[in-house]
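One point on numbering: in the working numbering, the residue at position 92 of the sequence shown is 96, and numbering is uninterrupted.
To be clear, the hints were calculated from the coordinates, so they are not data collected in a lab.
Using N, Cα and C, we set each Cβ at its ideal position, and we do this for glycine too.
Don't take every hint at face value.
[As the list claims (entries may be wrong)] Quick list of the computed label-pair ranges, beta carbon to beta carbon: (1) 67 with 40: 15 to 25 Å; (2) 135 with 68: 28 to 38 Å; (3) 128 with 43: 33 to 43 Å; (4) 107 with 80: 17 to 27 Å; (5) 133 with 57: 17 to 27 Å; (6) 109 with 69: 17 to 27 Å.
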Amino acid sequence: MSAPTPIRQQGTQGTHLTADLAGCKPTHPWMTQTEALRQACIQAVADAGLQAVGERFHGFEPAQGHQVAGVTGVVLLAESHLAVHTWPELGVVTLDVFVCNLLSDNAERAQGLLDTLVAGFEPTRQSRHTLLRALPEARNT
């Protein structure tokens with residue numbers, strides 16, 4: 005049995021998804037509680053069928069004149085990464101999911117991960133973008 009042809013040779017190296025969320029409730033635990041956001045992200049990664057290989061989350065101190073502060077977190081994936089940044093004082097969240105597609109197409113898993121997190125933050129408005137990443141020599145055009 006021969007090894008599968010890397011997806012990269014077919015033109016797409018990875019899928020990069022972003023979501024900018026607004027209208028998120030500042031009191032939502034994921035907005036301000038580092039451990040709550042960390043647990044939610046690790047669970048969402050596992051539920052999406054992706055493999056976490058490391059993580060780092062940091063809760064900030066409230067800025068002058070504010071009662072709450074956000075959290076920044078990154079989950080390193082065997083397939084690439086998830087990054088989350090919250091601004092509870094603005095009700096805003098940014099999400100960034102990148103997955104490599106070297107030996108298999110992980111785009112559906114990435115979409116599932118993003119969908120889970122977006123739904124969990126319960127935004128009233130959102131903007132999403134998808135970028136298909138490729139090495140210049142791998143592009144078919």
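Hints versus structure:
1. 67 with 40: 15 to 25 Å: holds (21 Å)
2. 135 with 68: 28 to 38 Å: Since residue 135 and residue 68 have Cβ atoms about 36 Å apart, the given range 28 to 38 Å holds.
3. 128 with 43: 33 to 43 Å: violated (24 Å)
4. 107 with 80: 17 to 27 Å: holds (18 Å)
5. 133 with 57: 17 to 27 Å: Holds - the Cβ-Cβ distance for residue 133 and residue 57, about 25 Å, lies within 17 to 27 Å.
6. 109 with 69: 17 to 27 Å: Violated: the Cβ-Cβ distance is about 47 Å, outside 17 to 27 Å.
In summary, the numbered hints that this structure violates are 3, 6.
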